[in-house]
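Q: Sequence:
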Amino acid sequence: VLTSAEKKAMNMEIERQLGFGEQRLRKFFDRFSVEIDALVKYYEMDDEDAEWLCTRKLLDMGIDVEKWCDESRNI
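The numbers in this note's numbering rise by one with no breaks, and the one at position 11 of the sequence shown is 207.
Derived by calculation from the structure, the hints in this document are not laboratory data. Only a predicted model underlies this, so the values are computations on that prediction, with no experimental measurement involved. C-beta atoms are modelled at their ideal positions from N, C-alpha and C, and glycine is treated no differently. Treat the hints loosely; a few may be bogus.
[To be verified] Cβ-Cβ distance ranges computed for the label pairs, FRET-style: (1) I259 / Y238: 13 to 21 angstroms; (2) K237 / T199: 46 to 54 angstroms; (3) E240 / A201: 29 to 37 angstroms.
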């Protein structure tokens, strides 16, 4: 069992090593948005279909995001 100070130090180190700060996440978001728009346009779908389309394409590759969501809710 970690103390609160140890947990804080661990989280700081994880953030430092992975570097997923606001700037990096924004870059990902901006690039991802362009790709999602292109995918929706390619399949001639509406913007509101983007979530379904992404989920379906991931499932085609064996990545079940809905299962991940269910598992995280049950933790």
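Q: Between K237 and T199, is the Cβ distance one that fits in 46 to 54 angstroms?
A: Check passed, 52 angstroms falls within 46 to 54 angstroms.
Q: Go ahead and decide if the range 13 to 21 angstroms is satisfied by the Cβ distance of I259 to Y238.
A: 20 angstroms, holds
Q: Please test the hint of 29 to 37 angstroms on the beta carbon pair from E240 and A201.
A: 55 angstroms, violated
Figure legend: structure checked against the earlier numbered hints; the only hint not met is number 3.
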